[in-house]
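Sequence order for the protein chains is F and E.
For the first sequence, this note's numbering begins at 1 and goes up steadily by one.
For the second sequence, this note's numbering begins at 1 and goes up steadily by one.
These are calculated hints, taken from the structure and not from any lab test.
Being a predicted model, the structure only gives us computed values, none of them experimental.
Heads up, some of the hints might be wrong.
If chains are identical, the list can't say which one is meant, so a pair holds when it fits in one copy or spans any two.
Simulated pairs of lysine to any residue, SDA-like, Cα-Cα distance not exceeding 20 Å [said to hold, decoys possible]: (1) K499 / H388; (2) K499 / H356; (3) K499 / G357; (4) K278 / Y447; (5) K499 / M387; (6) K135 / L273; (7) K364 / F454; (8) K26 / V45.
Number of protein chains: 2
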Amino acid sequence: MKDISYPKSCERWDLFEVSCPGKADKNPFVDYEIQGIFRHKCETVRVDGFYDGDETYKVRFMPSFTGEYSFEVSGSFSDKTYSGNFAVDAASSNNHGPVRVAHTFHFAYEDGLPYYPVGTTCYVWEFQGGELQKKTLETLSKGPFNKIRFCLFPKHYDYNLKEPSSYPYEGKPMDSSVLTRDNFMRYNGAGRESGNDWDFSRFNPGHFQHIDRSIAALRDLGIEADLIVMHPYDRWGFSNMTAEEDDLYWKYVIARYAAFRNVWWSLANEYDLMPQKKTSDWERYASIICEKDPYNHLRSIHNCRPFYDYTRPWVTHCCIQRQDIYKCAELAAEYRQRYGKPIVLDEIAYEGNIQHGWGNISGKEMVRRFWEAACRGGYAGHGETFMHHHDILWWSHGGELHGESPARLAFLRRILNETPGPGLAPMDGGWDIVAAKVDELFDRAGYYLYYFSFMRPSFREFHFDENTEYRVEVIDTWEMTLEDRGIHRGSFRVELPGKEYMAIRIRRA
Amino acid sequence: MKDISYPKSCERWDLFEVSCPGKADKNPFVDYEIQGIFRHKCETVRVDGFYDGDETYKVRFMPSFTGEYSFEVSGSFSDKTYSGNFAVDAASSNNHGPVRVAHTFHFAYEDGLPYYPVGTTCYVWEFQGGELQKKTLETLSKGPFNKIRFCLFPKHYDYNLKEPSSYPYEGKPMDSSVLTRDNFMRYNGAGRESGNDWDFSRFNPGHFQHIDRSIAALRDLGIEADLIVMHPYDRWGFSNMTAEEDDLYWKYVIARYAAFRNVWWSLANEYDLMPQKKTSDWERYASIICEKDPYNHLRSIHNCRPFYDYTRPWVTHCCIQRQDIYKCAELAAEYRQRYGKPIVLDEIAYEGNIQHGWGNISGKEMVRRFWEAACRGGYAGHGETFMHHHDILWWSHGGELHGESPARLAFLRRILNETPGPGLAPMDGGWDIVAAKVDELFDRAGYYLYYFSFMRPSFREFHFDENTEYRVEVIDTWEMTLEDRGIHRGSFRVELPGKEYMAIRIRRA
C-alpha cells in the first residue's frame with residue numbers, strides 16, 4: 001500500500017501537493033471526499049482535494065507566505081487523517097505570484113510588479129499531441145505573449161474536426177468519420193443519440209493530468225493560463241450536462257487548478273452561444289469559484305455578441321469580444337468608464353486569411369488595434385488564423401506563428417514595460433489623436449504617449465509648460481523604431497514621416 | 001447705347017442669356033430690378049435677372065423642352081420692355097440635363113441616364129489665378145470626378161492665407177501681411193475693425209463672371225458644380241453680413257447660376273461653425289432657393305459635427321461630413337433608413353499627410369471608404385491634402401493630384417456604371433461581408449456585389465438557386481483588376497487571394 005507523499009519545501013506561490021492513498025471502490029469521484037487544511041502564522045486555508053485515479057487522492061495548495069506551514073488531510077476517502085509540515089522559501093526571480101487587479105483598470109503580480117497583458121488564444125493547443133504541443137511551447141517561449149486563453153474541453157468547430165488527444169470523462173466519443181466541413185455544425189451539442197457514451201460522474205484523470213503539465217509549462221515560461229472552463233463548440237455533449245454534472249466538473253477543475261499561481265478563470269467562451277445555460281447557471285458557477293478558490297484568481301466570462309453583465313461583483317475584469325467589425329479597441333475608454341474594471345479585449349479578430357470575417361485581418365490592423373486599446377487604457381488580445389496545408393491554425397492548435405503582428409506586439413510590450421505606473425489612461429489630446437498618460441495616482445509622472453493610428457501627419461505641434469523639460473521620442477510602431485528627438489519645453493513642433501502607425505512619447509526629462 | 005442681345009437658338013438644358021442695357025445711376029444692385037418670362041407650349045417660367053456691371057442687365061434661363069420659346073424682359077432697370085424668340089434644339093451627346101434624385105436614394109440626369117456621384121472637393125480652386133486654374137481643369141478632364149464642391153466666397157484657413165484672385169464686393173480687404181499660421185484663427189469672422197472695407201450692397205461683377213466661366217468649364221467637362229454658397233472660413237466679414245445683405249447675396253447668386261444645368265446648391269460648408277446664423281436663417285435661405293430657382297436644382301447643407309435636419313422637405317439629399325474617425329461610410333445604410341434620401345458622404349477625410357487628422361488618410365483607406373459607401377447604397381466624396389512646397393493642396397487650390405486613390409475611384413466609377421439599375425442597395429449578405437444588390441424596382445436584376453473591405457478571406461462559399469446560372473467575377477479594388485471566374489449555379493466556392501480590398505460580382509448570366 002502506498003503512503004502519503006509531499007515535498008518538504010516549496011517556493012512561495014508554488015503548487016504544493018499532498019498525495020494520499022485512498023478508497024477506490026464505488027465511484028471515488030462522487031462517493032468520497034477529501035479536504036486539506038494548511039496553517040501558517042499568517043493564514044489558515046481550507047481546500048478540497050480530488051481523486052486522481054490509481055487509488056490516489058491529492059490536495060493542492062498555493063502558499064502566500066514564506067516560513068513554516070503545517071497541514072492536515074482528512075475525509076471519507078480514507079479512514080486515516082494525514083498531516084505534515086513543510087517550509088516555504090522566498091520566490092525565485094521568475095516567480096512573482098498570481099496576477100491581481102491593480103489600480104482599478106490594470107494588473108500587477110502579487111509581489112507588486114506591474115503586469116501588462118499581451119495575450120493570445122490557442123483554444124485547444126494542449127490536445128494536439130506531443131510534437132505539436134512541444135512546438136507551441138517553443139513558439140511561446142520566443143514570442144511576446146504573457147497570457148494564453150485555452151479550453152479544458154476539446155473543441156469541435158471548423159478546422160477542428162479531429163479527435164483530441166484525450167477526453168475528460170470515461171467512455172467513448174461519437175464516430176467522427178461522419179464529419180465534413182459542410183455538416184459539422186449539425187453535430188454541435190450532440191449527445192448520446194449521435195453515439196457519444198460518457199459517464200459524466202467519472203473523470204479521466206489522464207486528461208486533467210495532461211492539463212496540469214500544460215499549465216505548469218506555461219507557468220515556467222512566465223505565461224498566464226486563462227482557462228476557458230466551458231464552451232459551445234462541442235460534439236460530445238460536454239456543453240449539455242446537467243446542473244449536477246456541471247457542478248461536479250467545476251469543483252474538480254477548481255480543486256485541481258486553483259493552486260497554480262498562473263491560473264485565470266474564464267467561465268466560458270462565447271457564453272451566449274450556449275442558450276442551454278441560463279444566467280442563473282453562470283452565476284452558480286461563479287459562486288462555486290468564489291467559494292472554492294481560496295486564492296481569488298481573476299474571473300471573467302467571454303461573449304460572442306451581447307456582453308455578460310460585467311458589473312457583477314464576481315467579475316474581476318472585462319473579457320470582451322468585439323461587437324462591431326470596424327470599432328472595438330477604439331471603445332476601450334468607454335468600456336473603462338462603463339465598468340470601472342480592467343478592459344481586456346480578448347478577441348478583436350485574428351490575423352489571418354481564412355474565410356470567416358473574424359479570422360482574416362492583416363498584421364497591421366491587428367497591431368493598430370493593440371495600440372488603440374493600450375493608449376485608451378485597455379489591453380487587446382492576439383490570435384492567428386492562417387490557412388495551413390494540414391489545418392494547423394495557431395488560433396486552435398498552436399504550432400508556429402506565421403503572422404506579422406507578434407514581433408510588433410513584443411515591441412509594444414517593451415513600450416508598456418517602460419510605463420512608470422501601473423498602466424496607461426486615456427487623455428484628451430485632441431479629437432484626432434489617441435493620447436495616453438499614466439493612470440491614477442501616477443498621473444503626475446509627466447509621461448504622455450500619442451498614437452496616430454491610420455492617420456499620417458507630417459508634423460504635430462505640442463504645447464507644454466515653459467518651465468519643464470521633456471524628452472521627445474518618435475515611435476514607428478510597425479517598423480519598431482524609437483527615435484530620440486531631444487529635449488523640448490513650451491510649444492514645439494515634432495516632424496513626422498507622414499506614415500501610418502506612428503506614435504510620439506513625451507516624458508519629463 | 002447698347003441694345004438687347006441674345007442667341008437665336010440654344011440646346012435644351014443650356015444656359016440661354018438675354019443681355020439688356022439698363023440704368024446705372026444710383027445702385028443698380030438694389031435700386032432696380034429685372035425679370036424675364038420664358039414661354040413654351042409646355043412651360044412658362046418667370047426668373048429674376050441681375051446687374052452685371054457696365055450698364056448691362058442679364059436674364060438667364062435654362063429651357064427644359066425643345067422647340068420654340070418666346071420671352072419678355074421687363075422691370076425698373078429700363079423704361080423699355082424687351083422681347084424675342086429663340087429655338088431650342090435637342091441636347092447634344094454630352095448634355096444630359098440637370099441631375100435629379102432618382103428612386104429615393106440615387107441620382108439620374110434629367111434625360112434618365114443614371115448619375116453615380118464620384119465627387120471631389122477643391123474649395124477655392126477658381127480663385128487661384130489663371131495658370132493654376134487651368135491646371136486644375138486639365139487634371140479634372142483626366143480624372144474620375146463628376147462632381148466638385150467649391151465656394152463662391154474666398155477662403156481663409158490654414159494653408160489658405162493668400163489673397164484670392166478677386167472679391168465678391170466693391171471695397172478692399174484687410175491687410176493680410178499680418179497673418180501667420182499661428183494667428184490666422186484670430187481673424188476668423190473679422191470685419192471692419194480689422195481693416196476690411198466692403199460695400200455689401202455692391203457686388204463685384206468680375207468676381208461672379210469668373211465663377212460663370214468656371215461653372216461653364218466644369219459643365220463642358222461633364223462635372224457637376226456643387227456650389228458652397230456660405231462658409232465660416234472668412235477673414236473678410238462675408239460670413240457676418242446682415243440678414244438683408246445675405247438675402248441680397250442669395251438672390252444674386254441664384255439669378256446668376258440657377259440656369260447652369262450642372263449647378264447644385266450647398267447652403268453651407270460646416271454650417272454649425274457659423275453660430276451667427278440660426279436655423280431660421282438657413283431655412284430662410286432655403287426658402288429663397290425654393291422660390292427663386294425654377295429648375296429645382298439639388299439642395300443640401302454640409303455639417304462639421306451635428307447633422308443639419310436632413311428630413312426638412314427642401315433637402316434633396318444628405319451631404320454628410322463623417323462624425324467619427326473610425327466609422328462613416330460604414331453607416332451609409334443606416335443613414336438611408338433614417339433619411340430616405342440619397343446619402344452623399346462629402347467629407348470622409350482627405351488622402352494626404354498634413355497635420356490635421358481630417359487630412360491625412362492613405363489612398364487605400366480612402367478607396368476602402370468609397371467601396372463601403374457604394375456597397376451600402378451611398379456615395380463617398382474624395383479630397384486630397386498633401387504637404388506641398390508652395391502650399392498648393394488639391395483640397396483648396398486644385399492643381400495636380402498626388403494621391404493613389406483617384407485611379408481607383410475611376411475603376412469604381414466604371415463598376416458603378418455597369419450597375420443595371422439606378423444604383424446599389426445594401427443587402428444582408430452575412431455579418432462579415434458588405435453586400436449590395438440593385439436598388440428598388442430593379443432588385444430582381446440578379447446583380448450582387450460583395451465587398452470584403454480590410455478582411456482577407458482565402459475563399460468564400462455562396463448559395464444561389466440551382467436553376468439559375470450566374471457569372472462570377474473577382475474584383476481587386478486596389479489593383480483595379482476584374483477576373484472572370486466563369487458560370488456557376490447552386491452552391492459554389494470562390495477562391496480569393498487572401499488580400500485586403502477584394503470584391504466579388506455575381507450577375508445572372
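Results of checking the hints against the structure:
Taking the shortest Cα distances, K499 and H388 sit within 20 Å of each other only across copies (16 Å), while inside one copy they are farther apart (32 Å). Taking identical chains as interchangeable, the C-alpha atoms of K499 and H356 lie at most 20 Å apart only when they sit on different chains, with a minimum of 13 Å there against 29 Å within one chain. For the homomeric pair K499 and G357, the shortest alpha-carbon distance between copies (13 Å) is at most 20 Å, but the shortest distance inside one copy (27 Å) is not. In this homomeric assembly, K278 and Y447 never come within 20 Å of each other (Cα to Cα): the closest approach is 45 Å inside a single copy and 43 Å across copies.
In this homomeric assembly, K499 and M387 come within 20 Å of each other (Cα to Cα) only across copies, at 13 Å, whereas the closest approach inside a single copy is 30 Å. With identical chains, the CA atoms of K135 and L273 are never at most 20 Å apart, being 31 Å at best within one copy and 59 Å at best between copies. In this assembly of identical chains, the alpha carbons of K364 and F454 lie at most 20 Å apart whether taken from the same copy (10 Å) or from different copies (10 Å). Taking the shortest alpha-carbon separations for K26 and V45, neither the intra-copy value of 29 Å nor the inter-copy value of 101 Å comes in at or below 20 Å.
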